[in-house]
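Asks: Respectively, the protein sequence lines represent chains L and C.
Numbering (the working numbering) for the first sequence: 26 to 135.
Numbering (the working numbering) for the second sequence: 538 to 704.
Misleading hints may appear alongside valid ones.
Distance windows between CB atoms, simulated [to be verified]: (1) Asp553(C) to Gly90(L): 33 to 41 Å; (2) Arg685(C) to Thr74(L): 29 to 37 Å; (3) Gly87(L) to Gln681(C): 34 to 42 Å; (4) Ala112(L) to Arg685(C): 51 to 59 Å; (5) Arg129(L) to Val644(C): 51 to 59 Å; (6) Trp640(C) to Ser100(L): 29 to 37 Å; (7) Ile677(C) to Arg92(L): 22 to 30 Å; (8) Glu83(L) to Leu610(C): 16 to 24 Å.
No lab work stands behind these hints: they were computed from the structure.
For glycine and all other residues, C-beta sits at the position ideal for the given N, C-alpha and C.
The primary structure of each chain is shown beneath.
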Amino acid sequence: MATPDLDPLLLDPTRLSIVALLAGTEWAEFSWVRDSAGLSDSALSKQITNLANSGYVEVKTGYVGKRPRTWLNLSDSGHHALRAHVAALHRIVEQSQRADNAHRAEEPSD
Amino acid sequence: MVEHPSAEEAARALRDVDHHRDQALGALHGARWVDVAFALVVFLYLASADFLPSAAGWKGLALAVLVLGYVLLLRTRRGATWLGHRVRADKSAIRPRFALGVWLVFVVVCVAAAFAVPLLHVQIPYGNTILGAVLAIVLIGFGQHLRRGLAALIRHSRSGGAPDGHA
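So that you can see chain L by itself, here it is in the shape it has in the complex (with noise of 0.2 Å):
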């Protein structure tokens, strides 16, 4: 079935969970997303290179006191991304939804 919609970043469902809790933010720490998404620092941070380098995540650090911080946000595109591959899992719901329907309704007549 060819499902064209579908973006192959967000195919991984670790980084769609990371796109998804930022998708509610309008920016998150990266402390946040890490507890929320149950990843290791190194686990997260491998992601967010992912997906920052496809232009999806912004990364910005800076120092709150002494210590160090890194603040996460969804892109423009990011949103586009997110949105296009919900619209596209959607997609593959409804058809098997049809498909079960249209097996249903001919099942009397056999």
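Go by the hints and put chain C onto chain L.
Replies: Here is chain C on its own, set in the frame of chain L:
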């Protein structure tokens, strides 16, 4: 997930997206010390009416400056982080009708209280101090619960929206 997910995998992914998108609403709270500081400010503001009646002129201004400073700090990443906020929920995802409803309820309650208090004609000694203490205790004890309740209401209000981060 495979390159061409099945309907079950797609449905599971959609549920995950919905769940994760709403997680930011569970992190609306800031640091505990901010609640305590605000409770102290509210208590001092109201108690000053009993103990420092001459301070009526500048205490309103001082409160306005504090609230303005708090709002301005919340608008920046560093300021919000300093106040204990690890995330800022996307306000554009909140339906305008819901936001308007919350504001209307708030304004109606304030206006009703402003009209009702003078009509009571009850003089309680140190009434302002007692009111300040009650509000401070409510703020410290139930501030987090109130925010959690508001988050649940927001979640409920947008549960009918599209699960794409821009309901």
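Asks: Enumerate the violated hints, using their earlier numbering and listing them in ascending order.
Replies: Per hint list: 3, 4 violated.
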